[in-house]
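Engineer: Each chain is listed here by its residues.
Number of protein chains: 2
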Amino acid sequence: MTTVSTRGTNLPRMGGFNQAALLEAIRLGAGTCTRADLARKTGLSAQTVTNAVRRLLEAGLVTEEDVKRQPGAGRPGTTLDIVPDSRFAVGVHLDPAAVVVVLLDLAGQVVATRTAPTPESEEPGAALEVVVREIDAVLDGAAVERDRVLGVGLATPGPIDRARGLVLDPPHLTTWHDVPLRDEVARRTGLPTLLDKDVLAVAAAILWFPASGRPTDAAVVYAGTGVAIGIVSGGDIVRGVSGNAGEAGHVSVGRAFGRCACGREGCLGGVLSANAILANAVERGIDLGAGATDAGASETVRADRAVDGLRALAEAGDPAVAPFLHETGAALGSALTTVCELLDLDTVVPSGPVWDRLGPWLEPGLRSVLDAYPMPGHHPLRVLGTAGDGPVAAVGAACLMLDDALTPRPTGLLLRV
Amino acid sequence: MTTVSTRGTNLPRMGGFNQAALLEAIRLGAGTCTRADLARKTGLSAQTVTNAVRRLLEAGLVTEEDVKRQPGAGRPGTTLDIVPDSRFAVGVHLDPAAVVVVLLDLAGQVVATRTAPTPESEEPGAALEVVVREIDAVLDGAAVERDRVLGVGLATPGPIDRARGLVLDPPHLTTWHDVPLRDEVARRTGLPTLLDKDVLAVAAAILWFPASGRPTDAAVVYAGTGVAIGIVSGGDIVRGVSGNAGEAGHVSVGRAFGRCACGREGCLGGVLSANAILANAVERGIDLGAGATDAGASETVRADRAVDGLRALAEAGDPAVAPFLHETGAALGSALTTVCELLDLDTVVPSGPVWDRLGPWLEPGLRSVLDAYPMPGHHPLRVLGTAGDGPVAAVGAACLMLDDALTPRPTGLLLRV
Chain A
1 MTTVSTRGTN
11 LPRMGGFNQA
21 ALLEAIRLGA
31 GTCTRADLAR
41 KTGLSAQTVT
51 NAVRRLLEAG
61 LVTEEDVKRQ
71 PGAGRPGTTL
81 DIVPDSRFAV
91 GVHLDPAAVV
101 VVLLDLAGQV
111 VATRTAPTPE
121 SEEPGAALEV
131 VVREIDAVLD
141 GAAVERDRVL
151 GVGLATPGPI
161 DRARGLVLDP
171 PHLTTWHDVP
181 LRDEVARRTG
191 LPTLLDKDVL
201 AVAAAILWFP
211 ASGRPTDAAV
221 VYAGTGVAIG
231 IVSGGDIVRG
241 VSGNAGEAGH
251 VSVGRAFGRC
261 ACGREGCLGG
271 VLSANAILAN
281 AVERGIDLGA
291 GATDAGASET
301 VRADRAVDGL
311 RALAEAGDPA
321 VAPFLHETGA
331 ALGSALTTVC
341 ELLDLDTVVP
351 SGPVWDRLGP
361 WLEPGLRSVL
371 DAYPMPGHHP
381 LRVLGTAGDG
391 PVAAVGAACL
401 MLDDALTPRP
411 TGLLLRV
Chain B
1 MTTVSTRGTN
11 LPRMGGFNQA
21 ALLEAIRLGA
31 GTCTRADLAR
41 KTGLSAQTVT
51 NAVRRLLEAG
61 LVTEEDVKRQ
71 PGAGRPGTTL
81 DIVPDSRFAV
91 GVHLDPAAVV
101 VVLLDLAGQV
111 VATRTAPTPE
121 SEEPGAALEV
131 VVREIDAVLD
141 GAAVERDRVL
151 GVGLATPGPI
161 DRARGLVLDP
171 PHLTTWHDVP
181 LRDEVARRTG
191 LPTLLDKDVL
201 AVAAAILWFP
211 ASGRPTDAAV
221 VYAGTGVAIG
231 IVSGGDIVRG
241 VSGNAGEAGH
251 VSVGRAFGRC
261 ACGREGCLGG
271 VLSANAILAN
281 AVERGIDLGA
291 GATDAGASET
301 VRADRAVDGL
311 RALAEAGDPA
321 VAPFLHETGA
331 ALGSALTTVC
341 ELLDLDTVVP
351 SGPVWDRLGP
361 WLEPGLRSVL
371 DAYPMPGHHP
381 LRVLGTAGDG
391 PVAAVGAACL
401 MLDDALTPRP
411 TGLLLRV
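The listed protein sequences correspond, in order, to chains A and B.
Reading the first sequence from the start, the letters are residues 1 to 417 in full-length UniProt numbering.
Reading the second sequence from the start, the letters are residues 1 to 417 in full-length UniProt numbering.
Same shape as in the complex, but just chain A (with noise of 0.2 Å):
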């Protein structure tokens, strides 16, 4: 990832690898490690382990505590855990629909959140202060000393040009080609600034947070204006050769099922999607309200009115709209048991904003076909919810700069030996 800095380090560069290791090992430790038991983990020397984790203690991002063990469990330890005050990373999450803002801390703890809806013009110019102003309001409203924000970790819809931090031409954001956003936000904060796909950094938060269960071959799917399905294969995010990886609008449902844009029938894209639950509810004659067929409204507008209005619906019993979603909610596990066979998947992670209000009903669906699949290698699909706390997509654009700043990654080592 490459990361834009505008200003001096403010912070000592993590120290490499083997504190990097560490640093992990502690934060997952959750205030019950020795040193003992982090070299036994990490396999790292218990020199090596002391020393590090003193240059750890000096610069403040550990503590450690003086335990008494259980009775007879051997002589007493030292555990160590994360001072979670001590470095602080900003993680936006821009759409068509809102600008979210969190301020995680160095435990992965939501400190602050904003959210404002994105400008109607669509004008990237227009999105850029908001996103500006926002991560400002969530500085100074949490008062945190700048020194201590790692950076601001930035999840938009792709498709991206990573190396280069530009948003280019994202189909819900019609007026957007190559819009330079890492670069213009690092300028006008003054802080190392990344950019990422969201359902990118939606996998990131799945990562980072040990309550997830940190699966190592998951599809993480996101559906909101759009339909992604981002990878983790062997614990680790698939990026893909330009950082798109997660397009996921054309995978088959396996029949005809709503009609896409690229004129088939049955891709994901016209299946999930808010605007797709629009008109394929209205295809089926159901009665979302005024609002969602509202021609003054913008069409994302109106697609997340007919969410709500789906909910609504949904809560009220409505007969002819749980039989729909459970009917989408199988379209979508059908599109996932592809995925999972082909690259042999045990995990999926469905998120975004039509799951989170409509997951209730999906759910059955999906977990229905799931359930009867029979996978190569003879394993269950499981169904995972995601963890941490917030708005996942501005959550894991934030775990996102953690990571880049804190978490050991194998890749370069060599340059290190």
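These are calculated hints, taken from the structure and not from any lab test.
Ideal Cβ positions, reconstructed from N, Cα and C, are used throughout, including at glycine.
Some chain A residues flagged as far from chain B (calculated, every beta-carbon gap over 12 Å):
hint: 1; residue: V53
hint: 2; residue: R55
hint: 3; residue: G60
hint: 4; residue: D66
hint: 5; residue: T118
hint: 6; residue: E129
hint: 7; residue: R146
hint: 8; residue: V301
hint: 9; residue: A322
Only some residues are given here: those of chain B computed to face chain A with a beta carbon under 8 Å:
hint: 10; residue: G158
hint: 11; residue: P159
hint: 12; residue: S233
hint: 13; residue: N244
hint: 14; residue: E341
hint: 15; residue: H378
Covered stretches of chain B (in silico footprint by chain A; criterion: 3 or more residues with CB under 8 Å from a CB of chain A, positions within the stretch not fixed):
hint: 16; stretch: 235-241
hint: 17; stretch: 246-256
hint: 18; stretch: 342-355
Guided by the hints, dock chain B onto chain A, whose structure is given.
Structural biologist: Just chain B now, kept in the frame of chain A:
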């Protein structure tokens, strides 16, 4: 990869990450690298390079040569190269039609090849006999001492249980259930043995040979008795949670095109496998001759004859065959665009016995779809051939064995720090 060895180590272990990284750099340098070049390429210190190269020279794996540089290009240097016949690996490709065994030297050259028909009975015991007999014959014929053989790589159709070395229940080997092929071959040959899926062996071959251009993000198609797509992502083979990644039979080609056993139209398995090509050609009224429809022959044999028949008709300029194969290639292209988009791949590598014979007539249709597809990252989709000599799945199986013994992998690095 779990490798089973039935004997004491006949080789010093390769000395970990640094030494393996150097060996790979020397191999890829093909006799042009000096110690200084190696230090620069690997990021290792000059002292580390000197020490590791000394161990490689002592083990007889590399050799050095004094060379004069071009006038004015500085002082003369000593270049290093692999000693090809210092070590070997056996690769076996077992499929429903044939058992192919190759012997590869340390430079990746095919030293010997043998092919035998897979016994008609399909009994695992009979096939195992053939595998062991052919391995012995290859080693005896090449007069290679067994203590120079790193081991045997086995490539079979999936699904497999990679950790336990079992072939589970391949759809085209109907009498096979949980066959302990890896351990049986290890026991009978006395050689370390590993088991992997055929399409992943092909992917390994593509990553091993520099002539392939070593794509980092690629879809490797294997079209034979079935159809598989192995994924290379970020330079690594995607294996999945149980080692069964690559099952692509139900990836959609986006339109009705031959019925799949799953009941749907438009599955890739209903388009590109040898059986599917036979069925679809017959449906279009193409006359493949009596051999392809001979009820006395097995399905595998008939399908194989059908591919030969189509090739003969295509070469003779049959007016129905060229459009049929163009359409089949285009359907493969459609399936691949979905996969390439989801994983942001930029390279497609078709292979396998169907492609080897029909590729010249399938490729125009394939390319027409790939060339027209707007990838999100705005990069083209290129079509590569497989590199290296000989039968690619068997060669790839040998590469997996070489890889297991020699190639640097950061996984597990922490345990060695």
